[in-house]
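Visitor: Next come the chains, spelled out residue by residue.
2 protein chains.
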Amino acid sequence: MPARQGTLYLIPVPLDDHGISEIAPETIGILSGLRYIIAEKAKTARKWIKILVPGIVLQDMTIYEMDKHHPDKTDPDWFVPLINGVDVGLMSEAGSPGIADPGAIIVNEAHRRDIPIRSLSGPSSITMALMGSGMNGQSFAFHGYLPQSSGELTRRLQQLERQAIQHQQAQIFIETPYRNLQMLEACLKSLHSDTRLGISAGLQSSNPLQKTRSIGEWKRLKDHNWLHLPAVFIIG
Amino acid sequence: MPARQGTLYLIPVPLDDHGISEIAPETIGILSGLRYIIAEKAKTARKWIKILVPGIVLQDMTIYEMDKHHPDKTDPDWFVPLINGVDVGLMSEAGSPGIADPGAIIVNEAHRRDIPIRSLSGPSSITMALMGSGMNGQSFAFHGYLPQSSGELTRRLQQLERQAIQHQQAQIFIETPYRNLQMLEACLKSLHSDTRLGISAGLQSSNPLQKTRSIGEWKRLKDHNWLHLPAVFIIG
Chain A
1 MPARQGTLYL IPVPLDDHGI SEIAPETIGI LSGLRYIIAE KAKTARKWIK
51 ILVPGIVLQD MTIYEMDKHH PDKTDPDWFV PLINGVDVGL MSEAGSPGIA
101 DPGAIIVNEA HRRDIPIRSL SGPSSITMAL MGSGMNGQSF AFHGYLPQSS
151 GELTRRLQQL ERQAIQHQQA QIFIETPYRN LQMLEACLKS LHSDTRLGIS
201 AGLQSSNPLQ KTRSIGEWKR LKDHNWLHLP AVFIIG
Chain B
237 MPARQGTLYL IPVPLDDHGI SEIAPETIGI LSGLRYIIAE KAKTARKWIK
287 ILVPGIVLQD MTIYEMDKHH PDKTDPDWFV PLINGVDVGL MSEAGSPGIA
337 DPGAIIVNEA HRRDIPIRSL SGPSSITMAL MGSGMNGQSF AFHGYLPQSS
387 GELTRRLQQL ERQAIQHQQA QIFIETPYRN LQMLEACLKS LHSDTRLGIS
437 AGLQSSNPLQ KTRSIGEWKR LKDHNWLHLP AVFIIG
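Top line first, the protein sequences correspond to chains A and B.
Just so it is clear: in the first sequence, position 122 is 122 by the working numbering, and no numbers are missing.
If you want the working numbering, it's the position in the second sequence, counting the first as 1, plus 236.
Hints in this document: simulated from the structure, not taken from any laboratory.
Just so you know, even glycine gets a beta-carbon here, dropped at the ideal spot from N, CA and C.
Below, computed lysine-lysine pairings styled on DSS-like, alpha-carbon distance capped at 25 Å:
| id | chain 1 | residue 1 | chain 2 | residue 2 |
| --- | --- | --- | --- | --- |
| 1 | A | K211 | B | K309 |
| 2 | A | K211 | A | K189 |
| 3 | B | K455 | B | K425 |
| 4 | B | K279 | B | K309 |
| 5 | A | K73 | B | K447 |
| 6 | A | K47 | A | K68 |
Facing chain B, according to a computed beta carbon distance under 10 Å, are these residues of chain A, among others:
| id | residue |
| --- | --- |
| 7 | L8 |
| 8 | E26 |
| 9 | T27 |
| 10 | G95 |
| 11 | I99 |
| 12 | D101 |
| 13 | P102 |
| 14 | R112 |
| 15 | P116 |
| 16 | M128 |
| 17 | G134 |
| 18 | H143 |
| 19 | G198 |
| 20 | S200 |
| 21 | R213 |
Far from chain A, by Cβ distances over 10 Å, these chain B residues were calculated:
| id | residue |
| --- | --- |
| 22 | P290 |
| 23 | N320 |
| 24 | P413 |
| 25 | R456 |
Produce the complete structure using the sequences and hints provided.
Guide: Encoded structure:
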């Protein structure tokens, strides 16, 4: 065993093709030096690496892909370079690994093996949505995806609304584009007229939306050309 | 009134002097073009602007300082450039504005005035701590500072531990360096031996720590040379 283990670097990637210049020089520098990557999806990782480090020879890199059918499984092979003193990068499909993705399982295993870990700063749709919402950034909760069935969704939204008011805590959740309209309608139907709803959609795309209005005001807005974009919703 | 209002840009700054290269070219580019900044503290804003945009003439810039005695107050003057079509930046003391700082009040007022808002991606100690903790990044809550009195702190920590287990939700909080030892001791005393505690301290400093261990393991660790650094704690 070498005197020093490698470091597991947590590498943020853009949220959209327009976000390339929102990746920091430190991240590009570290990525340039890596030969091993653990990725949520190898194809996407290769795409970002090629864009972010144009000179890189992808054939020299080993990219381990997480098993999407068993996102709670790690492969001991992935940690062999680290044990041998070689740095490894962890990459998500979009944004920062370990936030709203299955990356935590890798970081957790690295801690268990006493491997040094370094988070690099970069895009996170959750963080950017909260910043731009004007909601309480001193107390907030993120819930991932909400239930899909209409009755359950209404109950959950009303529960989050109560939590937001009782604890002055911003309540954050996400939705996939093809269910955005359904989610917006559920919010407009289930929440009080003066409850605030913040929506960030298509962050780092060519036409991002960041808007916070009361439910009453959202009901009067007609221009919903963000509905086809990945969206973060915040109640507060 | 001009046809188009200015944009309120949310400008992330480093968490520490060593984090300069973790600021993205997009942020530097936008900051270079701004002449108006709303800052949590003007002195810190000037320091970061000078470091991030070395050629800038600070005398040409107007920096509005938020009133630390009335953090919930905004000044209508701050919004005059925006109304006149001129962009304005919002800056925090460290990291991303609107997260764990009083910046939300400004963003909120901008939404009320229908001013376009754009979050830029960059350092956030909360996000980076969560990424590096291996805790559940698909469900988490941030609580800011916990109570200081020993009895209240114990009760709060045990409540967060119950929430973490019941809802599989990572519980995040922060502490100032001079109370880190007290907080660590409170965690070791109040929490179950197998509860996991993640600590990220001195992120973007020359000697950052990112470590997640069970309370039982933390009790056996002797090397606590991170206690003088700003720290983020996560229970999960």
